[in-house]
Amino acid sequence: MSEQWFPNVDWEKMWEATYETLYMTGISVVITFIIGMLLGLLLFLTSKGQLWQNRAVYSVTAIIVNVFRSIPFIILIVLLIPFTKTIMGTIIGENAALPALIIGAAPFYARMVEIALREIDKGVVEAARAMGASTWTIIRKVLIPESMPALVSGLTVTAIALVGYTAMAGVIGAGGLGNLAFLDGFQRSRNDVTVMATIVILIIVFIIQFIGDTAVRKLDKR
Amino acid sequence: MKPGNRLFKKRCQITRSSMLREMRERNFERKAFLSLWADRLFSWKGSDPVIFIEQAKKVFQTKNGPVKAVDNINLSVQEGEIFGMIGYSGAGKSTLIRMLNGLETPTEGSVTVAGRKISTIKGTELRKARQEIGMIFQHFNLLWSRTVRENIAFPLEIAGVAKAERDKRVAELIELVGLEGRGDSYPSQLSGGQKQRVGIARALANNPKVLLCDEATSALDPQTTDSILDLLVDINERLGLTIVLITHEMHVIRKICHRVAVMENGQIVELGPVLDVFRRPEQPITKRFVQQVTEPEESKETIQHLLTEHPDGKIVKLTFVGVSAEQPVVTELIRSFQVGVNILQGKISQTQNGAYGTLFVQITGDPAEVARAVAFLDAQQVDSEVITYE
Ligand SMILES: Nc1ncnc2c1ncn2[C@@H]1O[C@H](COP(=O)(O)OP(=O)(O)O)[C@@H](O)[C@H]1O
Ligand SMILES: [Mg+2]
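Residue numbers (numbering that gives the first Met the number 0), protein chains in the order written: chain A, 0 to 221; chain B, 0 to 389.
This is chain B alone, in the form it adopts within the complex (with noise of 0.2 Å):
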């Protein structure tokens, strides 16, 4: 592992075990405050956070009044970090990363990225800044007109790099997103996945400090999703690169995502590390999201069924979460106590700091044993609940 990773890590404990914690027991409209005091402490622990948003405030004026798209947003991000916001459609996640490359000024509120103060600065200044911000969205947005090479080309004319060095940075981009051989292709000519390819070598074509990524696998069916999400972990990791994604699908969250913010109705409810946020979602709107990942969707009317049908047994959830869920805790199980496990259900997933998920199990036998077993379970590294009817 990169030393970096470590100090991610690091930082996150840091977070997870007081300033997290402290913020879940405090009241909910002081979450947005303590969230930004957080921030703050966990930047002074680690580098300097690269994106810094403050009190941040959007509202539209629209012919059926104004419209609050973003409402009152503090965040940082820190550098190399992944951080994902997740949110239904009209959340607000669109309008708050277009403040991050200046696509949307706030109308309250102060956006910093990469030292500079992209809500208010304008002209050249903004455009330089721009040059800095890669950005890739959910439909690609290539030109057609152009070629794989010309696309991947166009911020680099842009940036004013001479035609030598630009055909170089191209052939690198090239093979950096595995494109050789497609240079001259069309975009017609590609599937998804491979216009995605483009334009995340188009959006890195400027050394950016930051990339963007605005829904940039909502258009992709789930395997190619993974290659490109699979290719964003790795120039994460090689060049370092901070990068903020927005989502409505926790599964992008889970496999890539160091910290995740939950956004609702242009605010963010819920913001933590991404198996923190996992292991213990408040909001309701979390629970939903998580569930995506962790509970098939037909869990609950089978454990009902079951429950109806194994009166006498006890029904299980087992959480794992981080390491745990590479334990044999159920061959545990079976060898030491003199009970039955049936296995109901179960789903487990990797994320960017160790595996997360949920297993049914059903405990049959002797109430005292299966009692005894449930207590073993307890004292494992997983968080287990006994189902009961509803």
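Pulled out of the complex, with its shape left as it was, chain A reads as follows (with noise of 0.2 Å):
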């Protein structure tokens, strides 16, 4: 059946597409939600009437988080490029994107902490400032366990928006299923090629969001 409807399709190099792309996701995901959740946590306590309120810290780390959210990602990669070579030696390869990406990402899903944190119950933070916890230990212990479900479906939406930022990085060189369908697909004027790359990015975001959702159900226990 992949003779008759997927005639040019190389298996063997989509395997290997599929692999830089989940490889590609996977870094920049991991990467993203320590750098999301050290800048969305800075927001929180930073904001007006919170623990460490402090409007300089707040408004410079607003500003940066606004500036990087706002530039198209397409224009991010251009931009970037001198920083790239500088850090990674190269601007070619699946290693060679993840600056790009975790840059574009990590803005976005510090936003996304910085919400899940803000409908936090503020009594509760209360009533652990009441029994004696340390900020340390109210971030770990009140914090983070009481927006959990926000923060893990947040990260399922920046995971999937990673999916589609590796596919362009793919288009300037980066590897992976976008690099697969623009250079073997498109240029090459090989539709079915186009199509199979489809269809397995589509498979790796609808199994992101399976396993987001399932998490989230399962954290969920208000």
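Simulated from the structure, these hints should not be mistaken for laboratory data. Where hints are given, some of them may not hold.
Below, computed lysine-lysine pairings styled on DSSO-like, alpha-carbon distance capped at 27 Å [unchecked claim]:
| hint | chain 1 | residue 1 | chain 2 | residue 2 |
| --- | --- | --- | --- | --- |
| 1 | B | Lys162 | A | Lys220 |
| 2 | A | Lys121 | B | Lys62 |
| 3 | B | Lys162 | B | Lys127 |
| 4 | B | Lys56 | B | Lys67 |
| 5 | A | Lys140 | B | Lys167 |
| 6 | A | Lys121 | B | Lys67 |
Derived CB-CB ranges, DEER-like [claimed, not checked]:
| hint | chain 1 | residue 1 | chain 2 | residue 2 | range |
| --- | --- | --- | --- | --- | --- |
| 7 | B | Val58 | A | Gln208 | 49 to 59 Å |
| 8 | A | Ile86 | B | Lys62 | 42 to 52 Å |
| 9 | A | Pro144 | B | Tyr87 | 34 to 44 Å |
| 10 | A | Ile202 | B | Glu179 | 42 to 52 Å |
| 11 | A | Phe209 | B | Lys62 | 46 to 56 Å |
| 12 | B | Ala161 | A | Ser133 | 14 to 24 Å |
| 13 | A | Ala55 | B | Ser88 | 29 to 39 Å |
| 14 | B | Ser88 | A | Asp120 | 18 to 28 Å |
| 15 | A | Trp135 | B | Thr119 | 20 to 30 Å |
| 16 | A | Thr85 | B | Thr119 | 45 to 55 Å |
| 17 | A | Pro144 | B | Val66 | 30 to 40 Å |
A virtual CB, placed ideally from N, CA and C, is assigned to each residue, including glycine.
These two chains come separately, so use the hints to put the complex back together.
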């Protein structure tokens, strides 16, 4: 059947591209999660009425986050070429895509973290303070667990966006399914390759969505 | 009765008989100073005050200018006492109670709890002090992500108690608050009353010296409120725990408090043992609160109506205080005098220091006999007041 419907698909190449996409998505999701959490916590804790209320820190962080969140990803990649070259030594391949992926996604996730933290009942934080909890304990044992469903669903959305970003990065040489669809499919007029790459991407997205939704359902005890 | 309780009563009598009467006779501005003085004498007679608030003031800076939430409050609370503060919304009750565990810092003045000057300590010292002050809240403030057991264990984790000991303590607390079998439930699976029980268990986990209750029953229905109040009394008696509670319901004060402070505009306008305040409320606001639990709302109109319908008889309002409420005064009245006694309306409530209530009766018959009956009532341990047209 694959011969009939997808005559031009080289399955080995397809697997390799899938692996590259998963690799780029996986690494960037992990690092985006870490940076996004840190930035999100900083935004939340320095905002008005919170534990580390600090207008200067909040404003600077918010501006940086907003600027990077607003730059279209395809332009961000181009803008970051010199930076990528300096730190990664190359602008070709999966690893070269990582800085742009992370810088593009982390501010996006940071905002979602901030929103998730804002939704926590203020009374719960107050109760923890009344019990004598330190700020670190409050972060670890109140803020993060109490916002976990929102943090996970935010991460799901971010991961799906990152799959899309890897495809865009692929077009300018990062490898993966986007690269395959563009070079082998579009430029060589093999529509079946493009369609197959699309199907694989959709499957990846659906799996991420399914895992995310299941996790949120399991976590949410409200 | 426990010896602690007797001691308490004795202290009340000292205040009742001297200090507070003196305070009442003087003018209002000097009251704060006098109440402080009375409280000090109070503490000299009994145990040390576990809470001591001196000249506390709190001003919030808002967009619409400064707001004086707490205005020059002096107060001390004895060990083992259930101290109530009542006032309408915005009176400054929450701000005052939050000063007791350092959630608010006074703009001026000082707050001492269990020997620690909460108003000045910071950092680790403040956190250590907070571990010895439990607090429960109107909306319970439980962590939805933790089970009952884990919620109760939270303050123990904060205090660095080892796992094995934590489990043991949590089991004890679950039993103490009557939540056996619900340890693995999540807060979302509990009723309001059960949630507040978890809140109480959590607040007691580190064996605090003081329990603060910020409108702890205001989100509960009357029946659940009573069961939570019973639990608080039980804890107070069993553990000798000092409880400070704030509320806008006089019912709560009546049911469990030993002393009460009435707050208005950031100030304490009236302070004393609950029965005293019930018997002789001075400020208009206090009178309104007392009426919440003694006089049915509709009584005034009804009495006026009865006065119009029966101009011949006399309508007497009897106020029972303490032991006398148990005495069959009305039975005596009917037996001893040739009068008709018609009970119009009444309400008797139990307080921590005895019963309190009012009864409206209509006495009819020969005017001379009625007058003798009224004189008899006056001689009893009952305050009586002949109601006339207004
Ligand atoms: N954080 C705050 N910032 C500004 N104003 C406040 C703050 N907390 C309380 N207030 C004001 O202080 C007054 C007393 O509030 P509160 O202590 O909550 O009263 P209560 O608990 O008796 O209802 C109110 O006028 C309230 O608006
Ligand atoms: Mg309040």
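Those earlier numbered hints the structure runs against, lowest number first: none
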